[in-house]
Structures are given as C-alpha cells and as structure tokens.
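Peer 1: Each chain is listed here by its residues.
Number of protein chains: 2
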Amino acid sequence: MFCCTALAVCLAACAAPDTQRVVYLADYLTPEAAESDAVPAVRAALARCAEIGATKLVLPGGRLRLRPDRAAEKYLFISNNDESLKRIAFDLAGLHDLTIEGCGTELLFTGFVSPFNLEGCTNVTIRDLEIDYTRTFHSEGVVKATGPGWLEIEFPEEYRCDIVNGCLRFRDEEGTVYPFSNLLEFDAERREPAFLANDFWLSGGTIPAEKLPNGRVRIRRDDLTATVGNVMVFGAAARYNPAFTLADCRGVAIRDVDLYHCGGMGVIAQRSDDIELSRLVVVPAPGKNRMISITADATHFVNCGGYIRMIDCVFENQKDDATNIHGLYMAVDRVTGPDRVLLRWRNSGQYGVDFIRAGMRLELVDNDNVETYAHRTVKSAERINKVYTEVTFTEPLPEGVERGHVVAADERYPEVLIKGCRMRGNRARGLLLGSRGPIVVEECYFHIAGAAILFEGDANFWYEQAGVRDVVIRNNLFENGNYGCRGWGAACIATGSRIPDRATSRYHRNIRVEGNTFRVFDPRIVHLYCTSGFRFAADNTIEPTTDYPYLLDEQRPFVAYDCDDIEIEKRN
Amino acid sequence: MFCCTALAVCLAACAAPDTQRVVYLADYLTPEAAESDAVPAVRAALARCAEIGATKLVLPGGRLRLRPDRAAEKYLFISNNDESLKRIAFDLAGLHDLTIEGCGTELLFTGFVSPFNLEGCTNVTIRDLEIDYTRTFHSEGVVKATGPGWLEIEFPEEYRCDIVNGCLRFRDEEGTVYPFSNLLEFDAERREPAFLANDFWLSGGTIPAEKLPNGRVRIRRDDLTATVGNVMVFGAAARYNPAFTLADCRGVAIRDVDLYHCGGMGVIAQRSDDIELSRLVVVPAPGKNRMISITADATHFVNCGGYIRMIDCVFENQKDDATNIHGLYMAVDRVTGPDRVLLRWRNSGQYGVDFIRAGMRLELVDNDNVETYAHRTVKSAERINKVYTEVTFTEPLPEGVERGHVVAADERYPEVLIKGCRMRGNRARGLLLGSRGPIVVEECYFHIAGAAILFEGDANFWYEQAGVRDVVIRNNLFENGNYGCRGWGAACIATGSRIPDRATSRYHRNIRVEGNTFRVFDPRIVHLYCTSGFRFAADNTIEPTTDYPYLLDEQRPFVAYDCDDIEIEKRN
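Residue numbers (the numbering used here), protein chains in the order written: chain A, 4 to 575; chain B, 4 to 575.
These aren't lab readings, by the way, just hints derived from the structure by calculation.
Please note that the accuracy of each hint is not assured.
Identical chains blur together in the list; that is why a pair holds if it fits in one copy or across any two.
[Stated by the list, open to error] Heads up, simulated BS3-like pairs for lysine-lysine below, C-alpha to C-alpha not over 27 Å straight-line:
no. : residue 1 : residue 2
1   : 389       : 77
2   : 77        : 382
3   : 291       : 147
4   : 214       : 147
5   : 214       : 291
One chain only, chain A, in its complex shape:
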C-alpha cells in the first residue's frame, strides 16, 4: 500500500463535490490522540457519519494508535470465533452507503479490541489501510535446545512471560495476560508449519515451565518435540477480536487492506450477502520478525448468500484455514410437539449465532449420512438462550425425526468466486468449500500444509453445513501441499467430511478440475468419498518434485470410494 495510490484516492476524496457528506477523521483528532488512542475520535467521527448519512469517512494517513479503553462495547456471538463482551474500535452497526477511505493509514491496536464491526450494514466499503497490533494475541519463541519431554525456548522481548504455579504465562508491559492453548512448530527457514508438525493442544491453558538462568524458558510435556532453530508458536486461547466481523450485512467490500494481525479470524461474515474482498493481504507484519500473521482463519463465511468474491488476495501464515464457507447445523434435542422441535447447538463456537427465522425453509438431515430427508418451513422460532431454540413448523414433522438429527437453512446459498489468490504458510487447510451455490476457484496459488481444497461439512463434530453442488477448480497452481500434520488432508483436493455412514451418502456433487498444475512431492492429488460427479480434466498437469520427503506408502494420485460418476481423464 504505497503513497501514490493512497494520495490519489485521498485527493479524490478531498475533492468530492458533495463535501457536506464527507467526514474527515482528522477533524476529530489531535496529534496526541493519534499517538495515544484515536478511538474516541473514531467514535465521534462515526457518530457524525450516522448523523449526516455520510458517504465517506476519510482517515488521515500515517499511524493511529487505538486502544480498548474507551471503545464501544457489545456482547457479540460470532460464529467460529469466541463470544464475549467486546471492545470495538470502528463499530459501523447500522451504517449504509459509506466508504471508509483509509488513505494508507496504519491502524495500530493495543490489547483486546476488535478493529471493525459491521452489523446490519448495506453497501459499505473499507479500503486502503493496514491493521496491526503492538503485542500479538499469540506468542512466538525460538527452540534453542531439546531433550526428552522438554524444549528450551528463547522469547524475543515482546513476548514477556513469567512463571505462575510452575506454569508459563504471557503478559504485555501493561500487565494484560495473553492466554494460550496450543503449540505448533514452524520451520524458521521455510516460514511455514514444520514438516509433519502437529498441534499440541494444552489442557488448562498453560504448560509447566521454568525460567533458566540464561533467560530461556524450559517447557515440559512428555510428547513434546521440535527441531532446534525452529519457531514454537503458542497459539491464542480464544478468538475474541476478529479484524472484520460482518453480521446481517449486504454489499460489503474490503479492498487494499493489509492485515498483519488480529485476535481471531481476518474476515468473518455471518448471515450476510454480497461480500467482496479484493487485495486483502494477510501476511506477517513486515520487519517485525513474526512467523504468524493472524491467529485464525483468514476468512470465513457462515450462512451467507448473494456473492462471495475473493480476488487477488494473499493469505499467508495465519493460524488456520484460508477460507471456510458453510452453513450451520443445529441439532434436534427432542421433539416437543407434532410440529415442534427443541434444537440446540452442539459446537460451542456456534452458540448464539441464531439463523432460524420465521418463513425460512429448513432441511431435516440425518446426522449419519448428512443427507436431507425432508424440508419444513419455520412458523416461529423461540430463542431460549444461546444454546437452545425451539422451532414450530407450518406443517407436522415427518416420521422418524430423532435426537441427533440436524437442521439447516436450505436457501440462499452464495455464489463464490476465488480468483488470483495466493495462499501459503498457514496452519491446516486452504479453501474449505461448502456452499451449494456455484463456486469457481481459478488462477490461485496454493502451498498448503494440508489439503489445498477440502470439501468438509458434518453433523456430528463441527456441525457445519456443506455439500457442494457446482464447483469449478481451474488454472490454479498447487505446489507441494500436505507437508504438515497428517490429519490436515489426504490429497490436494479432498473430501474431509466426518460422515459415519458413507455408503449411503453422496454429500458433495459436481466438481470439475481443469487446467491446473500440481507441482507435488506428495503424489496424492485427489481423495474423494461421498461424492457424486467429479471430473478431473485431461488438461491438468502433474509435475513431481523432491522438495520434501514423501514418507507414506500410498502412491495413487486418485482415490475415490463411496462415490458415483468419477471421471479422471487421461492426460497427455
């Protein structure tokens, strides 16, 4: 994000003819506030935007420091992140037809504060800015020595830590605690998850540790291993502060944003339509020697509709997948009347993310094979609390509805275009595609520790509704995937759904793979089950590499079982 573009945009903004409806943050900001906490100025400027129905909010350029102290406060339930009473710097709730012209401004946050919250917004664009934090929500240290059941870690100064009750705790210079719940080793040279590295999940949110006289910290756990020189990442325990939270929005564009850090997902959208991400660049902050960019998925879309477009984005080194596009399954707790069910969330990451509305068409789904066996229309929905909702339908329930079955919205699936995006170095997988609308993935680059493209969705573990209907994967470069944890994917393009009864399930349908190049040390290109209709065209190219060792017996590039209509065309 360099000056020439930013300047041109700012000049354009300044020269806007309808100056009455442009708000300049600079008018609310003293130099002292910019250097200490611009949040009160942001709130005042946004209040002015709401008051006059502004079409533009222009940021001043340069660096703004932003803190939680005087930020807006809301209890938010954000799917696949963590609910909490949050502080929000830019709370755009209820704003419409507004562009935030970042003018290249660096938004530098400190502490537990969410950058942008969009609720019930229509036609909002955010562009040309950077987001970073003075202290990351995760922590990183270099492995300096190892032994049986211990690692010696050297933490850079910014990851202050102490030992409490014999266990490790991270705090910043203000005393704020940064809890962690997992460890993952990253390769210091390749700057990606270490070869075959797996997550160490930590119970109790810490690990036994001692500070050594040389200033290092020795952490202890029986199964702990790592390579000296690599970076051990202490993953944030919760996802309280995504960078962009969208709920019940329509027409949101995020363009030319460099997202260096946040405490949760980069963009999480729920119950929203028509979302465009252009040149959203998620990478570790330049010059700060961090391994990790953001602490969870780069993007994530839940029960969205209209279009989802990701164009020319970069998703690197975030602590989870590049994207996940899916609906939500709520489980039947019990049938409470001929036309009534008590539903509950089974995945705590979905608590409170209500999506069921009167008039909505729900599918009733057998959790064993994830197949839809009936549809019903919602007459009314009574929210009991964040876990339970009771739904009455316009008609009686069919026979056989059982505890454990699930329901999901069966309407308004988004059309998805992912084009020209570059993904590498992150934990786990690339694209988790679960929309039943048309999906195109083209001209992307994948160097992913697990599967590059995964068809997930299940009704027993994550409770994420998926089951694609029309997917085109074309002209992408898949380079050396599946170098990370074995559990992150069985091939470049794979089914990953936890479906107990696979024989009776054809959950995913109509996937075409055309004109892609697979430069791979791992021969496993496609691994499918529960799929009906898959074509791997002759114009795909597979180029073997020896960039990583391949340690498995499996040599088949194409594996498919419990599938129909699988076509692997002969290549030249």
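Dock chain B against the given chain A, drawing on the hints supplied.
Peer 2: Below, chain B alone, put in the same frame as chain A:
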C-alpha cells in the same frame, strides 16, 4: 421451614378468591421435570404471570431440581459480584405486585445458574422456600497432615478434583470446572474461621498440588500453614450467581427463605428502594457437613434508597460480611470541558453498574480525605462502556477538580433497620454501615471474626461511598469478636475507611451505642478515626471472657483519634 406454616400458606393461596390471577407452577410441571429440571416450567409459569398480571405464583412444595441448560440468559453487571452472561432460573424482570409463595419448596440447583433476578420490579414478595446447590461453588477439604510449605487435604467425594499441569482443579460429575482463587482455614470444632486465620490469595487461580497414593491431595505454597483436623476452604474465584439480585426495584420482600448456598452474595440490591428481609436464614445446608453457607456477603446494598430492613435474619458461615450498605464512587479520569468530566470505575467489581442519571445531584469528593467539596447536578451522562462515563453538569465545575477525585450520588440514602439478626462464623466482618440515612441496629447477636460493626467507605481502594450521619446501636450482644485475621477489624465497633488524610476528615458522624453487652476476650470495644459525634452510653456492659487467647499489647477498650465529640460515658 416446617410443614404446618407452609401448608397453611398453601391452603390460603389455593383458596384465593381471585383464582384467575394465581398461577400454580404445578400446572406446568411434570414429575420428571421436577426431578430433572424445573426451569422450563418456571419460565412458562412466569410468562403466564406476566401475561395475566398474576398476584401469586404458587410453588408446589417438595424438591425441584433446577439447571442452567434452558434458563433465561442475560448479561448482568451486578455490583460487588461478577459480571457475566448469566443463566437465571426465576427471571422476574418487569413483574409487579406479585408474591411467590414457596410453600416450603426446596429449590435444588446444579451448575452456574442464578436463582432469582429482579429488575425493575415493584411490590414483589418471595417467601417460604429453600435454596441449595448439588455442588457448591467453593470446595472444602480436611487438613490431614502438614509440613513446611505443604498441606495434605482429604476431600469428601463431592469435591472431585484432578491435577492439571501440576496444579489442582475441581470439577463436578458433569465435568463443569469450579475455579478457586483463595484459601481460608476454618476451625472444625467451632465451625468458624480458625483463630487468627488469614486469606491465602492465589495468583493464577490454582495452587501446585499432587495426588497421593492414599487419595489425599498435597498442596504446596511456601507460607501455607493450618492445623490438622481443620477444614480448608477453597474459595470460589468469582461471584457469578448471587441468590437474589435486585436492580432498580421498589418494594421487594424476601421472607422465610433458607439460603444454604449460592455462587455470590445472598441478596445484592442496587439502585433499589424499600427492601425487607425477614427471617432470611443463611446457614450451611443441614446434614451435608459443609462448613460454608454462601460464597460471599449475606446481603449487600448499593445506591439504594427508601428503607432497608433486616429482621430476625440469620447470617452464618458465609464467605464474607453479613451486610454492606453503601453508595458508589466513580473517579475523575479527566476534566473534558468547563462543565464536563470523564469518569471511570476504579474497582472492577463496579464495572457497568451505572447509577448516574440526568437530574441527579452528585457530590464532588476529594479522594484524600473523602470530604465533599462541591455539588453539581447532572445535565446528561453518556456511557462510553462499562468502565467510562462522561458527565455534563448544569453548571461549570468548581476550581480544583482533579484526576483521582471522585463523585457519588448525594441523595435518597436509605433508612436502615437491622433487628433481631444473628451473625456468626462468617469470614471477615459483620455489618458494614455506609448509609447517610438513619440506621438502627438492635437486638442482634454478633460473633464475628473481625469487627462486628464497621464504618468503611473510601475513595482509593474499594470506592464505596459511606460516611454515616445517624446511627443507633442498641441492645445487641457482641460476643468474642475479632478472633480472625488482624486485618478484619481493630475493635467490635470500628472505623475501617482507607482515608489517607485523616486529620482533615470527619467522614462518619453521630453514632450512639446504647444498652449493648460486649462479652469479649479481646478488650478492644471501639476504635475510631475520622468520626465526629460518638456516644458510648453508660448502660453498655462489658464482660471479659477467656474463650480465646488475647495476644496483642493493646488494652484500651476505646481508641479514637482524628475525631471530634467522642463521649464515652462512665459505666456502673
């Protein structure tokens, strides 16, 4: 609470002539629900009460089990307890002119659920019921052996625990974690805090521990001491679930309630008027061999008005004071205009407890001597978030308003009557009296580990507005107080305010002590500072005992400094 009274009341309720406006919980309850979870039935019955404007809700008698699963949910800021998204069994918000006839029903809760929430209620009476929990929020174990820096504890079966990262964790049979943050030793014979016992505050919310082959748990900390045979109480880390929460209510009576346990204060009332507690009995559950009743103060009143009456109550073995009646001080963060200040809470237990309203008269107070130096009337108050509020006054601020000064409401102080109450065995103090309305304490029994009656209030630590104006303490029996931690009080009746500049402060005024009996091993009867007007009448009786050893040099029964008009009458 025995059958004859309960039966008579229930018969009376059943025979109410206006049967249309009586709701019977039994009509919403199956026997299975009563034994598993009556909460959905309670919610349905309360919805019916609201619908018809019921005058009575009649409980069925017997035992009802109640769980958080399908309870109402609200984010509540409750002063001196802990804010959170709470589950509530009886959410009476907005109800008026209603009596809940308990009919002796035993409400037996499981998990993190608050029994009663009253918000914006007028003329509500709750009577004749018992409250207990299947698993307490604190934990108790018997000290079986001690050594340098360790104790061996034997936990009864109900306090299941495991060791995580070398530290102790309590969980119930469902896996719910019960966090703790402090230890306090109780005398197993006397069933009260052990002689001179002090709190061990635990950082990190746990303590290093190991399970021994004999089933005991050895906990480790350098300064840990206790007497073999005594009970170590692992105090609950948070106060999420008070039994009765009152906010913005008028005319609430709680009568004939046996409160055996809850996870916070027994009755906490904020911004409420006209509260009567009659025969509220807070004691450890009979027959369950528990040392502790509830986990915090028996009662607590914040910014209340009208009358507060506690008559014939029993407050025993709760983990904090019997009562505390005070206002709240918000601190000046900065002066933001000639007539404007940015205020902030300094005590996190007060976060979100907004009390400042347009039209309210605030006092401006010097935090050094806690003296009021000016008054202003609120023109408007803008809540920024749970910590900050910006206030604009109808007039300019006086000279000299500084960061650190505090403001409080200076109006509608409650008239307090505490009569015939019995207090013993609890942690810390008895009555913390801070109302500027007339206060009468009579015919009570005190056997308190610290001061029986304390005049607190400060503007630098707890930020609780006090400063009494008219107190009568008469015909009470004070028996062997101050046997606990030295910090809990310097005499039976004492000032306890943290006032840096005592010479210029006369914070408390006009206290009369008449006709009381002091049966004491500790000669310290009265200890005052910053008090103007105190009379200890000739008809008080002091009877020395040798029931506990007295270990201090201080032999003066009456100490007063930085005071005016102190009168200790000669006794016969």
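Peer 1: It remains to establish, for every hint, whether it holds in the given structure.
Peer 2: For each hint, the structure was consulted:
Taking the shortest Cα distances, residue 389 and residue 77 sit within 27 Å of each other both inside one copy (15 Å) and across copies (10 Å). In this assembly of identical chains, residue 77 and residue 382 lie within 27 Å of each other by CA distance solely across copies; the values are 26 Å between and 30 Å within a copy. Taking the shortest alpha-carbon separations for residue 291 and residue 147, only the intra-copy value of 20 Å comes in at or below 27 Å, while the best inter-copy value is 54 Å. Taking the closest pair of Cα atoms, residue 214 and residue 147 come within 27 Å of each other only inside a single copy of the chain (13 Å); across copies the shortest separation is 33 Å, beyond that limit.
Taking the shortest Cα distances, residue 214 and residue 291 sit within 27 Å of each other inside one copy (25 Å), while across copies they are farther apart (44 Å).
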